[in-house]
Amino acid sequence: MTEKINKKILDDIEQLSKAMEKNGLSELTYSEGKAVYTLKKRENGVFSEFPEIVEKNNKEIKTKNLLENALKSPLVGTAYLSPEPGAKKFVELGQNVKIGQVLLIIEAMKTMNEITADKNGIVKKIFVSNEAPVEFGEPLILIE
Amino acid sequence: MTEKINKKILDDIEQLSKAMEKNGLSELTYSEGKAVYTLKKRENGVFSEFPEIVEKNNKEIKTKNLLENALKSPLVGTAYLSPEPGAKKFVELGQNVKIGQVLLIIEAMKTMNEITADKNGIVKKIFVSNEAPVEFGEPLILIE
Amino acid sequence: MLKKILVANRGEIALRILRACKELNIKTVVVHSTADEKEMFVRLADESVCIGPPHVKSSYLNIPSIISAATIANADGIHPGIGMLAENSSFAKIVNDHGFTFIGPKPEHIDKMANKIKAKALAKKIGLPVIPGSEKNIENYKDAKLTASSIGYPIIIKSTNGGGGRGIKIVEEEKHLKSNFLLAKKEAEQCFGNDDVYIEKFLKNPRHIEVQIMGDISGKIIHIGERECSIQRRNQKIIEECPSPKLDEDKRQKICELTQKAMEKINYTNVGTVEYLYSDGEFFFIEMNTRLQVEHTITEEVYNVDIVKEQLNVASGGKLSIKQDKLHKTCHSIECRINAENPITLFPSTGLVKTYHPPGGPGIRIDSSLYTGCNISSFYDGLIAKVISTGKDRIECIMRLKRALNEYVIEGVQTNIPFLKKIINKTEFQKANFDVNWVNSIKD
Amino acid sequence: MLKKILVANRGEIALRILRACKELNIKTVVVHSTADEKEMFVRLADESVCIGPPHVKSSYLNIPSIISAATIANADGIHPGIGMLAENSSFAKIVNDHGFTFIGPKPEHIDKMANKIKAKALAKKIGLPVIPGSEKNIENYKDAKLTASSIGYPIIIKSTNGGGGRGIKIVEEEKHLKSNFLLAKKEAEQCFGNDDVYIEKFLKNPRHIEVQIMGDISGKIIHIGERECSIQRRNQKIIEECPSPKLDEDKRQKICELTQKAMEKINYTNVGTVEYLYSDGEFFFIEMNTRLQVEHTITEEVYNVDIVKEQLNVASGGKLSIKQDKLHKTCHSIECRINAENPITLFPSTGLVKTYHPPGGPGIRIDSSLYTGCNISSFYDGLIAKVISTGKDRIECIMRLKRALNEYVIEGVQTNIPFLKKIINKTEFQKANFDVNWVNSIKD
Chain A
1 MTEKINKKIL
11 DDIEQLSKAM
21 EKNGLSELTY
31 SEGKAVYTLK
41 KRENGVFSEF
51 PEIVEKNNKE
61 IKTKNLLENA
71 LKSPLVGTAY
81 LSPEPGAKKF
91 VELGQNVKIG
101 QVLLIIEAMK
111 TMNEITADKN
121 GIVKKIFVSN
131 EAPVEFGEPL
141 ILIE
Chain B
1 MTEKINKKIL
11 DDIEQLSKAM
21 EKNGLSELTY
31 SEGKAVYTLK
41 KRENGVFSEF
51 PEIVEKNNKE
61 IKTKNLLENA
71 LKSPLVGTAY
81 LSPEPGAKKF
91 VELGQNVKIG
101 QVLLIIEAMK
111 TMNEITADKN
121 GIVKKIFVSN
131 EAPVEFGEPL
141 ILIE
Chain C
1 MLKKILVANR
11 GEIALRILRA
21 CKELNIKTVV
31 VHSTADEKEM
41 FVRLADESVC
51 IGPPHVKSSY
61 LNIPSIISAA
71 TIANADGIHP
81 GIGMLAENSS
91 FAKIVNDHGF
101 TFIGPKPEHI
111 DKMANKIKAK
121 ALAKKIGLPV
131 IPGSEKNIEN
141 YKDAKLTASS
151 IGYPIIIKST
161 NGGGGRGIKI
171 VEEEKHLKSN
181 FLLAKKEAEQ
191 CFGNDDVYIE
201 KFLKNPRHIE
211 VQIMGDISGK
221 IIHIGERECS
231 IQRRNQKIIE
241 ECPSPKLDED
251 KRQKICELTQ
261 KAMEKINYTN
271 VGTVEYLYSD
281 GEFFFIEMNT
291 RLQVEHTITE
301 EVYNVDIVKE
311 QLNVASGGKL
321 SIKQDKLHKT
331 CHSIECRINA
341 ENPITLFPST
351 GLVKTYHPPG
361 GPGIRIDSSL
371 YTGCNISSFY
381 DGLIAKVIST
391 GKDRIECIMR
401 LKRALNEYVI
411 EGVQTNIPFL
421 KKIINKTEFQ
431 KANFDVNWVN
441 SIKD
Chain D
1 MLKKILVANR
11 GEIALRILRA
21 CKELNIKTVV
31 VHSTADEKEM
41 FVRLADESVC
51 IGPPHVKSSY
61 LNIPSIISAA
71 TIANADGIHP
81 GIGMLAENSS
91 FAKIVNDHGF
101 TFIGPKPEHI
111 DKMANKIKAK
121 ALAKKIGLPV
131 IPGSEKNIEN
141 YKDAKLTASS
151 IGYPIIIKST
161 NGGGGRGIKI
171 VEEEKHLKSN
181 FLLAKKEAEQ
191 CFGNDDVYIE
201 KFLKNPRHIE
211 VQIMGDISGK
221 IIHIGERECS
231 IQRRNQKIIE
241 ECPSPKLDED
251 KRQKICELTQ
261 KAMEKINYTN
271 VGTVEYLYSD
281 GEFFFIEMNT
291 RLQVEHTITE
301 EVYNVDIVKE
311 QLNVASGGKL
321 SIKQDKLHKT
331 CHSIECRINA
341 ENPITLFPST
351 GLVKTYHPPG
361 GPGIRIDSSL
371 YTGCNISSFY
381 DGLIAKVIST
391 GKDRIECIMR
401 LKRALNEYVI
411 EGVQTNIPFL
421 KKIINKTEFQ
431 KANFDVNWVN
441 SIKD
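Protein chains in written order, with my numbering: chain A, 1 to 144; chain B, 1 to 144; chain C, 1 to 444; chain D, 1 to 444.
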């Protein structure tokens, strides 16, 4: 046995495993060139029929699919996309933004908190709608 | 197998095993070139620390190891290896027996039930001792 | 007190008995079939003896094997549980004859109550109200006609040796009597190997109310209130409650005391339940169960007693530790029976329980032998759990039951939980406006 | 009645509150940290809001986040649970100021009882017996000496702002006073950032007895009996019982009524517990907990009340639904706290719960947020389950507790169950012959 279990192989396993999760697979075989992977997941059953759980799982998947590098909400509150009702939105899809530029406001305990861009780029996606409640860690805006 | 199970291989196994844990896999096969790894994780948890269970498991293993083709007890009761106290045993280890020959008696509800050989052969093992309680399905005698 | 008892049963009721024994420092032995070796009751017993293959005839109903197991395990008593051999008077007799204590009533009481006509005659003799009827087998149509007109229509024709709702014919008018009478005899013959039938007044929409009885060998008898079990599906009780939401204190007191006095007359011992139909303010004796009942739990909650421990006490020769004048209702309790079944077709659902998570919190008692990873076998009864909800009043009890059923997680097999939830959400249930036929009449 | 409440807590107590809400048809919102998103209380709530990262400071103690969550979820009340923000009077005030109902006592009562010297002075004023002591901070050794000789040795020096047994010095004789006094001040400074200390008479082997109080906004106050919590390990209660096995009816009645009258004087509302040390037949006020307590469960069992539902009722402005003269002890109840910890070293044990199987059967209530596959995080308290055993008397209660602890299966993390079993098997426990120091003195 000469090959080394390197980081790439472990990463492959992790990625395949995530793909299984995403697609609800219990078993997966993958081969490419000389490499062959076979993965099996435990028949889990923990609360899968629980209505609440199903909901959470959907949410989880949703959250995961929403690209990891979106700007996340640093606090709980109500999101406002414009400075005041009827006014122009802070940013629009496709718009160029710069670090520090205000993207939206989150109101918490009657205080307006400005959420600013953490990098330069183009607004690729806005995940929240105006006046929507947001949780801690919820994706707000994707800038690329 | 000519290669020596060297430290590297053990390390590989450990790494793959950790990857399984991390990704919640119950089984993993990985091969590349000549090397083939197949790992399976024990179905975890269910009452393994329960004292009663450990006991049952031991019993189970014992029963399984006791060769499958031993003559099993057809009823619950007390085993007697001789026709009456102090008398000669019905059969001894190494003895030749014929179909229908009495091997022992099992007393149930004050009735003596003769247990007879189901095949011709040599008594290879006697699993029960005199006056011992026997359960249904418990191995009694091995004839080969 | 008994020192070591054998439990000749399985599932949740075996577990219930083991729990009582552990709380009394009585050692326990269970017998089990090869299919049950990993069951919870086997795991929690001090000792276990495998007595046969899965079929009950070869294991749980196999009297010689059970007696042998008790002998080799050195038990001094045998508890028959519920079902299986619990109402088999020969078994009770054999147990006693072999020097073990049968934890239940005397064989003669079991025997007398097993035959419906004998039981009814005895009930009448000891002062219990019975349904007007033939009091003996009806041999021919002529007698049937005479009996029917003397008690008045509608009438019901029943198999003397039957049960479970089979072989039953309801006749509304004389013109349908002949055909039904002949059919009933034929069905009785087919179902029970005996064409004996009898006739009774038919009660249209009665409720099912039963009285819990306990007696010791000194002749002391107490009642522990009543239960209502009108929520039945295809003649099977599925929801029971204590006290009955229908009875007032006066009616309750009257039927309980009447039953208690009747049992004194026959010197009844250990536990028993006298079952009545209740219609238009009147009670009519149906039968007596000479054993512990599935729904004993709700009486335990409401009256703050442990019926199984008391059973062990009186079987050991002890005097009743419960005094009639110390027994008071402290709350309201409802039991739901969880069955492993398709909630629509009612077909049994068997297999591996992948996830098991029972509800908890205040007022919730769970009697179940399930655990994550256990197997539900097709060989046995589908009753896998009992949810017992107790509250200060009926409303709290129902609300609690609702939240408990919502918390219950059983994955891998189907259960009747959705059906139970449907029932308790109905206005009729909440207003206690039901009878024994109500569940079968629910359309949606 | 409140329509939708936010539970600002986690674990078993959040679950307890959710259950009460479900039984009252109150909608529920929970807030949780990112570490808790798969917790049972999140699964069973109607809605959940993630409010921050795992550390309590950034999530469960983050007042603006909790208020925001209540706002976006449209809740009308906030229940603080136990611990976390439950005894933070500013939180209570902020909740009220933002137009939500704080489900607990008035902020001023929380505030008054938070400071030990203020609380003691108030207790004395409203007629509660207090331990003889300095009644104010002791600034220097001279005052310490005077105070100590006036109340008599042994004495105890305590940090005014402290808790949890830290910074406490016991002095048997005057010659050890100076060194201990200086040390106590130094430790108080280190532990609590403030060197205020005070002096009290030291009670050698007292028992811990506490009285449960409830009040509504009309000024009506009731007591719901007492609990004994003398079984403590390193100042943490681990086993509590109701009623106290030590008190006779007369003593019980007296302390309960005294407490009830005292609370009337200050117009106390919602729930509270007044804690006493009990020594040589006398009670001495220690402190008042202005919130629900972990061990409220045993009072619920014995008096057949639902304290959390009653809390919701009075917080909604309702009158107490429980009447003092309708409250009677119906049984005996003991609670064991199950902690995830190494039973010897008491270090927290965290990780995946591989198998979880709670005990069931008669008289057993389990309040726990565990389930098979859940994770025990190192960020939070180690209390993972409460086993509440109820029996007709103390003996039945203990035997039942024993069998329940034997049935309990928690695999994957270590728990104190072996230690709890050891305690309840001791003669001293069974004979109720213990005090607050007994557990720490057990050698084997």
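I should point out that these hints are in silico values taken from the structure, not numbers from a laboratory.
Just so it is clear, CB atoms sit at the ideal spot from N, CA and C, and this is done for glycine as well.
Wrong hints could be hidden among the right ones.
Unchecked claim - Straight-line Cα separation of at most 27 Å, DSSO-like style, residue types lysine-lysine; simulated pairs:
#, chain 1, residue 1, chain 2, residue 2
1, C, 319, D, 421
2, B, 72, C, 38
3, C, 27, D, 402
4, D, 329, D, 246
5, C, 251, C, 124
6, C, 326, D, 220
7, C, 354, C, 326
To be verified - Here are some, though not all, of the chain A residues that point toward chain B, as calculated from beta-carbon distances under 8 Å:
#, residue
8, 10
9, 14
10, 38
11, 39
12, 120
13, 123
Exercise. Kindly indicate which numbered hints from before are broken by the structure, ordering the numbers from low to high.
Key: Those not satisfied are hints 1, 6, 7, 12 and 13.
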